[in-house]
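Asks: All chains should be built: construct the whole structure from the sequences, respecting the hints.
Here the protein sequences line up with chains V and G, keeping their order.
Residues 1 to 328 (the numbering used here) make up the first sequence, in order.
Residues 1001 to 1779 (the numbering used here) make up the second sequence, in order.
In case anyone wonders, no lab produced these hints; they're calculated from the structure.
Honestly, I wouldn't trust all of these hints.
Not the full set, but computed from the structure, chain V residues with beta-carbon under 8 Å of chain G [unchecked claim]:
1) K285
2) A318
3) A319
4) A325
Please read all numbers here as calculations on a predicted model, not as lab measurements.
Ideal Cβ placement from N, Cα and C applies to all residues, glycine included.
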Amino acid sequence: MLSQTATTMTPEQSAWFADTFDALVENIGLAVLGKEHVVRLALTAMLAEGHLLLEDAPGTGKTSLAKAIAATVQGTHSRIQFTPDLLPSDVTGVTIYDQATRTFDFHEGPIFASVVLADEINRASPKTQSALLEVMEESRVTVDKVSHFVGRPFMVIATQNPIEQAGTYRLPEAQLDRFLIKTSLGYPDRDSMVRIFAGAAQRDRTSVLTARITTAGVAEMADLAAGVHTDGAVLDYVARLAEETRLDPQTALGVSVRGGLSLVRAAKVWAASQGRSYVIPDDIKLLAEPVLAHRIMLETEAEFAGVTAQQVLGRILAATDPPAARIG
Amino acid sequence: MTADLRAREPRARELRAAGTPPAVDVVVLVAGLAIALLPLLPVYGVAAVWPPILGGLVAGAAVAVVAAWRRWSALVTAAVAILVYLGAGASLATPGTTVFAVLPTPASITSLLAAVVTVWKQVLTLEPELGASGNLLVAPYLLAFVGVLVSVSIALRAEPRAAGVWAAVVAPVVLGLSVLLGTKQTVQPVAAGVVLVVLLVTWAAMRRGSLVARRLVSLTVMAAVVAASGAVVGPLLAPPARMVLRDDLVPPFDPKDHPSPLSGFREFVKDWKDTDLLTVHGLPEGATVRLATMDAFDGVVWNVAGAEAARGSGEFRRVGEHIATAERGSRARVEIEVHDLPLVWLPTVGYAESFAFDGPDARALADELRYNDATGTAVLTSGVPAGTRWTEEVVVPALPDDDEIGAAPVGSVSLPEPRNVPDAVSLFAGELAGTATSPVLIARSLEAGLAERGWFSHGLTDSGDYPSLSGHGADRLTTLLGGDLMVGDGEQYASAMALMARGMGLPARVVLGFVPDEEQAGAVQITIRGEDVQAWVEINFAGRGWVSFYPTPPDTKTPQDDTPQDQSQPQPQVMQPPPPPADPVMPPTEDTEQPRTEDAEQEARDDDSWRTFVAIGAAATVPVLLVLTPLLLIIAAKRRRRRLRRSTGDGVAQVVGGWDEILDHARDLRRAAPARATRREIAVDLAGAFAAAADDTRRTGAFGRLGISGAVVGLAADADAVVFGRGAPAVAQVDAYWAQVDVLAAAMRTVVPRRHRWRARWSTASLRARRTPRRARRT
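Replies: Right, dumping it as structure tokens:
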């Protein structure tokens, strides 16, 4: 039996977790109509203390979702509009000499917020993109040998347009790996669309949202989720899936250890959001695509053949036996 | 050229793309038809029949294959088939009409075409073996040719390909036809039947693609059991008689095929003298019982005219419920029962208006009845069985006396001209008739003359009769009329008088029948013995019908009384012979032992029936057990599996076992869970499948329609919680889980159709499937 570092989750706690989670989903749902699943994924990323990458065509509500999440959490949030001429210091902040005090003061950049919306991240140059790397992984900014902690919770919601569009820089693999979940919103169904058009007078739907949870609450939920039980058989399943992505002939680069770890963390939150104190293989299966797909690099031939990482992952999922019993 | 090739290529590919290669189809179907035609071998003889069968098979297959390859339409195929049939058929089926045994002539063409219609009746009506004469061989040739043409065409051209299995039906149909055309003689029926069935079933299975290795063993076992029990039990249960049309086909009755009834006269008085032949109830006074009426004399016998004599005594026809008769007279209802009369001739009285047979065979007897309304006689074509009873509505014509007849001229009836009449007849007739003027007086003169001048004897010298030869041929009549002593009985006198009357221009015929004696006359019920047989003459007078004349001298007027020969032979002086020995003491004829032997026979019969019963029982039980044993083993294996799951391992393993039990249930019910799915995915799938089943069968089981979905999803979630949650479940929790498993399993069985439920009980699907994924996981 594997040792669990976090404290065990009780049924009452899982019930509270699920209720709170549902309340958050409902709140965000007021601004982002008809996208409950994506909202749940986004919140899962937040409570797993990971970052979210939304990739979609312009005008599908990526920014709305990011703003809605930010508005729901009572805390600071900022927005960085990435452009080709954006410099790393525009993100992290700069040290400025204060003549009055005769000291160098660090002026925090927009990254210092609980929820950072990095809009159109792939429009910035790779140099600026990589400035995000350290922050996202280590939650701190080091300028002039001084580290500045960005606080907790800290979540980057990045949006990007499909990479084929003009004026975009492809996100490096290392950076992609740092996003816990990559998903897309897609166009809303007709019903939701009609409701959105009905509220056309309202310029920003997110402005009506009120904060529903404090930053401390988010941290508490994240701590609770870490205590969700994950059986050895499920972990074995994740390991097998990761292995398969590496062995698959169509992949050049499979899922990293970090990828597997991210999947387990996300699955714990997802399980807790369902009111369960244990992870089941269904959680893994469901989260595999949003968590793993963007971490897989395909062979060139496969790419030319029009195969997508999602297809490869779907094939692997269909071919791998989910666990039905405990191991040993 | 290339375009042609390209156009032909897809055809060839389609031909190949079957479950079986076309070559296999053709070979199997040709072999099957060859087996199906085996019953025709005894009909023709092997040497005669194999060329047309083999030739027909090859020609038919060739036409079918070429037609399929060239994609001929049905019309073109039929035209080519007819040409090939005529071309090849000449030498194969009608060898006698060909030039150099190969080239067809116009005669062979005509013969081949006509035979398509006519050959069947000929094959059935002629006695086997038929050989190769005429166009009789067209039957096997045509069956082989058309059978192969049809079945191979179906096999090669059916759309979709799987529909080609219908080709397998043709051979059994041909088999049925050839059995019906065949004789009771069989050719290896068990072997041929088994081979035919195995061949066609295997081929059909291959064709459908359902012949897979894992079914092969069970199929072979089942086929072996069925074939063996069919071969063993079949002959025990069914009578060995084989139904062939030959038996049921009744050739038209021709009285010429039967010996003259009159020449059997001596048999009546000699062999059946004291035998009770028949009992007649309600015979009107003065009426006679007639057996046969003969109006044709050929110099040897008086006989019934042949069937070709359209308006004479030979025209025997089927009759319906009612017979229209032109005769007038008194009506009566006569009941007749035949005790023993082994002839085809059915005793009748007067002219019948209807026959009503009694007993279980009534319908069969009525089918065999043929009646001649000119003579009022009837036959049963296959003989009159002992114990035949029937009721006859009759018209007995009034007998006119001579005054009534008066000077009436003879009636105008057409009778066959007698042939080879001895000269003595006309001489004697002229002598007897003398000066008689009217026809009736001539007849009376003849009757009286014969009765007065002749002596009576049955010629049974053993019982002391004066020697008198039997028969009534020209020679015998010459002896009768020209001999020293006119001696004979009804056979000779009636024959003689009838011939004399015919010589005098009177339409006369001879009747064989029974005349009640004085004691019997007028009795309600009379029993007729062989000694009561009589032959007399009937002559037709215009407006008066047939009038009977009895020329036979009274049976008391025997030559012994006053023949000088007897008296002139003195008895030699001999010692008084010793008194004849006393009758030996005989056991009483009413043997008291008799009943006991009957009992013994009865017992033996009972014993036999018991043995048969036991044999049939054993023969039926053994295969049943053979079939049942695997089923019982399957049920036992499932029980054991369930027990192990319920009790082995910790609580987690037992709960997992409970879920597996549900999966196996679903699999046996032909609603297997998807592979490589999580429990919840499986639950959703099963919920959908069983909800659909419940919709189809309109049965909801213990839960109701939604209940099954809820229950299966709930069980999946419970199992997940136990397996992936922390710790181990409590015993009560496991028990509750298994209780739910059992309820759900029962509900799953309820909602599926009944036949799935039965199949599930004995399905090995779950027993086989369990092992596969484990093996796969290990590798």
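Asks: Each of the hints needs a verdict: does it hold here or not?
Replies: Results for each hint:
no. : hint : verdict
1   : K285 : 6 Å, holds
2   : A318 : 6 Å, holds
3   : A319 : 7 Å, holds
4   : A325 : 5 Å, holds
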